[in-house]
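Given chain A, work out where chain B with the ligands should sit, using these hints.
The residues making up each chain are set out below.
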Amino acid sequence: MAQTAIDIDIDEIIERYPGKPEYLIFLMQDIQAAFNYISPEALTLVCDHTGVAESQAYAVATFYNSFSLEPKGENLVQVCLGTACHLKGSGLIAENLMRSIGLDEPGTTEDLKYTVETVNCLGACALAPVAVVNEAYQPKVSSPKLMKTVKKLGDA
Amino acid sequence: MSKISVSELSQIQQKVEQEQALRQGQTGAGAHRMHLLICGGTGCQAAGSIAVYEALKAEIDKQGLSGEVAVVETGCNGFCALGPVMVTYPEGIFYVNLEEKDIPELVESHCKNGEPVERLFYKDPSTKKFIPHMKEIPFFALQELIALKNRSLLDAESIDEYIGRDGYKAMAKALKEMSPEDIVAEVKKSGLRGRGGAGFPTGLKWEFCQKSPGEDKFVLCNADEGDPGAFMDRSILEADPHSVVEGMVIAAKAIGANQGYVYCRAEYPLAVNRLQLAIDQAKDYGLVGENIMDTGFSFELNIYQGAGAFVCGEETALMRSIEGKRGMPRPRPPFPAVAGLWNRPTILNNVETWANIPQIIGKGGDWYASIGTEDSKGTKVFALTGHVNNIGLVEVPMGTPLRTIVYDIGGGIPKKHRKFKAVQLGGPSGGCIPQDKIDTPCEYAAIVEAGAIMGSGGMIVMDDSTCMVDMARFFMDFVQEESCGKCTPCREGTRRMLQILEKICAGEGEAGDIETLEELSATIQEASLCGLGQTGPNPVLSTLRYFRDEYEAHVFDKKCPARSCVALLEFKVDLDACKMCGLCFKNCPVDAISWKKKEPASIDLDKCIKCKTCIENCKFDAIY
Ligand SMILES: Cc1cc2nc3c(=O)[nH]c(=O)nc-3n(C[C@H](O)[C@H](O)[C@H](O)COP(=O)(O)O)c2cc1C
Ligand code: FES
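Chains as they are written, first to last, in my numbering: chain A, 1 to 156; chain B, 1001 to 1624.
These are computed hints drawn from the structure, not numbers from a lab.
Backbone N, C-alpha and C define an ideal beta-carbon position, used for all residues, glycine too.
Any given hint could turn out to be false.
[To be verified] Short, incomplete list of chain B residues facing chain A, as computed with Cβ under 10 Å:
1. Thr1042
2. Phe1079
3. Ala1266
4. Glu1267
5. Ala1307
6. Ile1391
7. Gly1458
8. Val1461
9. Asp1464
10. Phe1475
11. Leu1498
12. Thr1613
[What the hints assert, rightly or not] The calculated label-pair distances, taken between Cβ atoms and stated as ranges, are:
13. Asn1113/B x Ser100/A: 46 to 54 Å
14. Arg99/A x Asn1113/B: 51 to 59 Å
15. Ala1506/B x Tyr58/A: 31 to 39 Å
The shape of chain B in the complex, shown without the other chains:
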């Protein structure tokens, strides 16, 4: 391959667009009459999609259809809960939970005879009806895609497919037609705020850096994705790595940088591979590297793999880590826009932030600003997980109520005998929003008012089997473990808080503990050096705000109302509540439960290993 010019770029685009027209539901344009897009994201791969993909290709060959039917492996489709998933075009039919053994029938019936296979369709959990078309499934229908616009529409390993979807067009425009000031103005106009957690206005950050004097500047991408329970950035890198590369080149032009790094978690091998491939392909085409598209502008881009420390997601720590040192934060100012990587002016943005840039430049800042609310522009991607039916990746316009995400898109709580309790946003720096605030719109200010933060996009739904004290302990354990140890308030304060929370969960809480937690929280927030400590007490404070009675039940009554903390459980059967169904008996892994039809169960405490399987399976809360 050799370097391509702007006109060659648009030739590739037109050619590929024809082939891809099928995926917009138009027939007859390209070489194949049918495209099968099977998801190859981490979730689907873990559920066996690679074997299904191989079987699909082999079967299509075997049935002599390879000239007519194309099989494409895409990045994350978003509906991870039902993986491996596949979409067929031009029909737009969505198949779920595919297994190798389904493939011969699927190819014969769907591809050869034009008869879709109903039993592999998505089934609506509430109506029990099959919904064949992807766009009619509520999970997809209510989303609005910008950062994820290419999801399940292209082969993440093909630069041509990305170009077919207008890829690198915005970059060509930025390099050929726009001045650095124009680019910054457009991004400012869009109102885009950083999606990595802090929500700082992106255009403003770029402007500071643009105005910083200095020859060597850097553009960095934060793909450290440390929030445990979040996978937005991973999915974007796996499904659409070129969008991040394109965004970074545009910013490089805006601030006058010639070098960049993507700092990516080593725990994401697939994302690293796809991104490396994307960078190599872009280099081959001359879209990254020396003298891009003969504009005289050069930009080198490399990947730097993180070595597993949450604090390295913090901007100054991340830069030190790239310099080969221990990733510890340093006080700001000076801000990275003035003195960042190797003390040079640097901008750092999150993966999702980058993925928005090409479209902002392509369609204009006004277009982007027209989506969302007054306070928060555009869309936000959430990783919806926990006790919710439709676990997966969700992109909605800012301002969408949490209720819509949890119930309409997410399909509500899976276990019938359980009730919604709260949703956690912002991970270890965030907080929870309880039942009575479920109509809060997803925008920066409203979420803060409700006691959480927008965060990077982790959204964890919790039903009433979740103990809020245990959740606070869980996040404090995380923060304490990841505290880099540089400043005392964070290092010692979080350790003290964790000890108290562990004590409370173990049934050894004492009067005064709750107040001590509050005092420590205030000090740590006030005196810590970086965001890790400053926000670390948030999960404790927000659970205290809404679920103080649960803390008090642990401390004073030695009870865990959610029946979650093992030390506060007796593993006895409540004879009044027991409906004698025998579910606990059937599920006990160590045969510690005896039960007969029409008799209540009883638990042999000598055999019981306190694994809680019985409690999780009991529909009547009859074990305490």
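Looking at chain A on its own, in the form it has when it is part of the complex:
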């Protein structure tokens, strides 16, 4: 899913919404979806367009979990830490995965190969513990299973 959007024009996204403050989050969501993060340049363009002060836009961007101000890795792995998944050991699974690709906490690896995120309930609790690898649900994952799937992506 990552980096599909190099040819998407940022100006085109900006023009999708009228230049009013209430469209701030819409714009940031579209930019996040297209580029996987919101660059400082993009944030400036959004502020110019909507008339929101940069400090305020920055506050909004950091408030919501789905916005990232830094580029994300080629592969996105989300591990659910919701209640049902927690009960079935997803915390350890996340830790083991991060350790195996050299991360101490959720984030992006230095080589930009992987981003690991932890999320609260994906709404698929029947399949706990659940992970999502590049938008594909991985039902009933275990540490070995998830690590294998993730390593395979990195090698490809």
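Just chain B with the ligands, lined up with the frame of chain A:
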């Protein structure tokens, strides 16, 4: 497509009803002789239902049956644990755990030769017998469906199928025949209380807003579903999005609003897509938008995608978020019914609340009030998860005992060597109900008395491998993380509580910690600005109420009785308890365990990564 009138609505309804008669077990009415309804909810899709659906369509074509057999993709069927699942009509046979490779046989045998395939039936875990018919499976048989009435009965992406099930009929009635006061009176009569957690009477809320002066008013739907471990709202939006749209138009008429938003979690892409499709279809038919059904009444409806903050589920924060700001709550009053979105009178209701409205208007408030108990009317949808066999979506009349849900509908605890310990209701704002209170009826007051809250419907069953201190830590971690930081008691208080709980789980608890937790809880409850903080200490207080001895074991004996907290485990084998079965040895992912037949296992602590796989697999609690 063009706008439809009331008589055209009923024409569509009659036509589709004929085709759908098959799904009520009646034969011969529609174009096909058989309908296959395969679940395409998030759970089943994650288990591979899309591939099964494609294979099914291809195979039916291949065997020349496409004129006779219709394949329909539905929203969540509810029995998520066994996905992908499929129901066949008119027989009502329920197939589970389908895979692509099963399809040629299934089509040949079931569809062509009329011989159902037994090996794909549901098997009762206790009797080991196959149960072919959906309505005889206890999981379904004991439920009563109102909010979920259309589940696994229709194509969630077809407005005509919804109309076939009396869809938009209640809306037509409300717009054409009822005054705003009539609508509010009917909802008040039903006794419906908000299903989003707080349980505020819906009719009363509408009445306040109806009486609020102002031209521009708003109707909002809360689809933020923040409770981690709950998926009722997602399932309703995926399976029956039109019921929410219809409910919202009815309310709009009641309060005199012309604009509305559904605030939906961005983590629910399928729900967002289906809802958008539903709104577009309703617009095409003129059931949403300008001058609906020539009544002169107009209502615009749009989706607003949340950006991932639990606190945005709180009503005032949600409204700020729609305004494009940081979603932080503000003190009430003024209440949203007076000054809500953009300071205009606004009502906000939960997805499940909305899904009940069309039927309350269609069948009357008295009908709804006849279901449930004196204290709590109607039904409630629960997302049943955790250590229980039949994980899925359950709708029961209010007043149903928890025992019925956990054991009869839920099928009890899966692992034979484990015992039921507690059920958690209300997520991070709720509490747990232990074994000796399992006969508590599901109604608002009784659940509060037992130490939890009804909440939005997350119901998590826990067996005796669950550490209650760890559960309290888990929820406090959640609350602390999601605290928006605006008020100090919540921001600082939850951080302090989390530190103490982490310390206790790490085996570093000290005398006095438990009392400090209690004091902090009282302050946070008292002094926080919004419900997040006011209810945040509940999981700690309720576990302390019933499982104080577990806290004490952690603090004073440095032991975790449930053998869950890694720091308090030694990873040694209890030689008296070990039955030498070798299960730990076989399951260890790092080969840290040595074992031979008729000899107890032993663990090499240098190799052990403390992943607890051995402990989870040991049937004799022989590893400590
Ligand atoms: C921190 C917090 C989070 C909430 N999250 C949700 C939620 O995810 N969904 C929901 O419907 N209500 C949520 N609520 C309750 C709403 O504030 C509000 O009461 C509800 O949406 C009203 O609808 P109802 O009366 O139909 O239940 C939350 C409340 C608080 C304090
Ligand atoms: S808790 Fe993980 S999907 Fe719900």
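Cross-check of the supplied hints:
no. : hint                             : verdict
1   : Thr1042                          : holds, 5 Å
2   : Phe1079                          : holds, 8 Å
3   : Ala1266                          : holds, 6 Å
4   : Glu1267                          : holds, 6 Å
5   : Ala1307                          : holds, 4 Å
6   : Ile1391                          : holds, 4 Å
7   : Gly1458                          : holds, 7 Å
8   : Val1461                          : holds, 9 Å
9   : Asp1464                          : violated, 12 Å
10  : Phe1475                          : holds, 8 Å
11  : Leu1498                          : violated, 15 Å
12  : Thr1613                          : holds, 9 Å
13  : Asn1113/B x Ser100/A: 46 to 54 Å : holds, 51 Å
14  : Arg99/A x Asn1113/B: 51 to 59 Å  : holds, 54 Å
15  : Ala1506/B x Tyr58/A: 31 to 39 Å  : holds, 36 Å
The structure fails hints 9, 11 (numbered hints given earlier, in ascending order).
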